[in-house]
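Whenever a hint applies, use it, and build me the whole structure from the sequences.
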Amino acid sequence: MKDFKIRYRNMSLGVLWSILNPLVMMGVLTIVFGRIFPNPSIELFPVFILCGLVPWNFFTQAWNSATTSLTDNVNLVKRVAAPRLALPIASVIASGLQIAFQIALLLTLVIIFGKGVNLYWVWLPLLWVLELVFACGMGLVSSSINVYIRDTRYIVESVLVVFFWFVPIFYPASIIPQRYQGIYMLNPVTEVVMGTRNILLEAKAPPTSSLINLVVVSLVMLAFGFGIFVRMQRRFYELL
Amino acid sequence: MRFTDRPERAASSSEAFIEFCDVSKIFFRQSERVLLGRYVKALFQHQPRDRFYALKKVCFRINHGENVAIVGPNGSGKSTLLSLAIGLTPPDEGTVTASGRIAGLLELGSGFHQDLTGRENVFLNASLLGFTRRGTEEMLESVIEFADIGDFIDERLRTYSSGMTMRLAFSVAVNLSPDFLIVDEVLSVGDTAFQQKCFRKIDEMKRNGKTLLCVSHSPAMVRRLCERTLWLDHGELIMDGNTEDVLRTYEGEMLERTKTP
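Chains as they are written, first to last, in the working numbering: chain A, 370 to 609; chain B, 6 to 266.
Hints should not be assumed to be uniformly reliable.
As the list claims (entries may be wrong) - Using 30 Å as the maximum straight-line C-alpha spacing, the simulated DSBU-like pairs for lysine-lysine come out as follows:
1. B/LYS206 to A/LYS447
2. B/LYS264 to B/LYS61
3. A/LYS447 to B/LYS62
4. B/LYS62 to A/LYS573
5. A/LYS447 to B/LYS264
6. A/LYS447 to B/LYS61
7. B/LYS62 to B/LYS211
8. A/LYS484 to A/LYS573
9. B/LYS211 to A/LYS447
Just so you know, these hints were derived from the structure itself, not from any lab.
So, in structure tokens, the structure goes:
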């Protein structure tokens, strides 16, 4: 089923665009929060932002494309006897492949800014794979609901706009008031952002507690998404 | 559904069958229901949903080595029946049982991507049907040879005519060597030469104990390919039997209907 990704290969021609977009965002956020609202406690502010933007961009793209994966491929759902689960999951994986360029950009900048490679880099793939697992779970839920209620994709878009502010992308997690920290940490994307910063900027391993948290939330979400999808796919044929 | 080892394939074809037992399929007539506003509205005012039977208590069994056609006017449930046989949707009542490998060709170009070349599409399509990459490479030559579309195999699919798309799709489907080939009115797009080639291929498959289940509006094609015919009308199985008998009655009835509007 992995050959599904062939399908998406032609769409990822815009390598330049996928790098340019985070660079522009990084520039804008650096100017706004580095110059207009100065935040002097953070060194290498642009890279700090990019550590947040890359995992965030991946999640945004993966969740959005997975949400519409079924309604965009009615033909496959209604006419081909292939496992339908593959559609949202393939969208998430395709987003992961596209984001690889942004990851390369991030790592290059980290090295250019003199942060060097450290042993903890081996943790990075784990973090990102767990984020991918989480995105698959979310995508399975939202794509199947989107078949029943076509407004779902717009709800997903709005939720993402809101959550951009609730993930510590342009601010450090340490300024979040203590009583909200628990809720913040439930969000796997937050965990991935912070873990990425721990590794790349502070050269230390992400705390064990947040890794456990990340593993549990991602796997539970995947199982939940799988359950929802299997239940809901019985009526896909009629509704698409 | 992994089709890699041959012995299993041989075993499954000897007992392959499709059985419909009292199968009904219900469709609802409200298409806008998939919008959020509809759900909100339904919360406040209860509307009975208009439903109709796309299939009603349909019963039949198709054994291997039997070529079967389905005839009937538009909207009589033919395609729905094929979708149920392929397993795209479950029945609302009754049971559908199928064993053996099924290759379905329901609509031209489904499972194909317009931006990929013909060759890439063969891989895509085969992987959708559960073939491994290696298995596809092995059969690639025979697919291309059978489709016989020349250099177009390396062109993007959007440059194809519908006949060429059909050639490629059909060629992939038959080269998967399925126990059941399920075809929905696709063959009529091909030119006479290719149709003859398809007929010969289907004959050959039949000799190997394979089965064709097709929908067709062409009596000539049905007579040529199938010895058994099912006649569907308004979701009900009107007649099931020898092609010649069924077609004679069916054509008589249709003629009757055109006379008295």
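With a cut-off of 30 Å on the C-alpha distance, tell me whether B/LYS211 and A/LYS447 pass. 28 Å, holds
Keeping to a limit of 30 Å between CA atoms, is the pair of B/LYS62 and A/LYS573 held or broken? 67 Å, violated
Holds or violated: B/LYS206 and A/LYS447, Cα atoms, limit 30 Å. Satisfied, since the Cα-Cα distance of roughly 27 Å is no more than 30 Å.
Distance restraint between B/LYS62 and B/LYS211, which requires alpha-carbon spacing of 30 Å or less: 29 Å, holds
For the pair supplied as a hint, A/LYS484 and A/LYS573, confirm whether the alpha-carbon distance does not exceed 30 Å. Since the Cα atoms of A/LYS484 and A/LYS573 sit roughly 12 Å apart, the hinted pair holds (cutoff 30 Å).
Run the distance test for A/LYS447 versus B/LYS62: straight-line Cα separation, threshold 30 Å. Cα-Cα ~23 Å, so holds.
Has the given pair, A/LYS447 with B/LYS61, been kept, meaning a C-alpha gap of at most 30 Å? 21 Å, holds
Between B/LYS264 and B/LYS61, is the straight-line Cα distance small enough, at 30 Å or below? Given that 30 Å is the threshold and the Cα spacing comes to 27 Å, the pair holds.
Agreement of A/LYS447 and B/LYS264 with the hint, judged by alpha carbon distance not exceeding 30 Å: Between A/LYS447 and B/LYS264 the Cα gap is close to 37 Å, so the pair fails against 30 Å, i.e. violated.
The structure fails hints 4, 5 (numbered hints given earlier, in ascending order).
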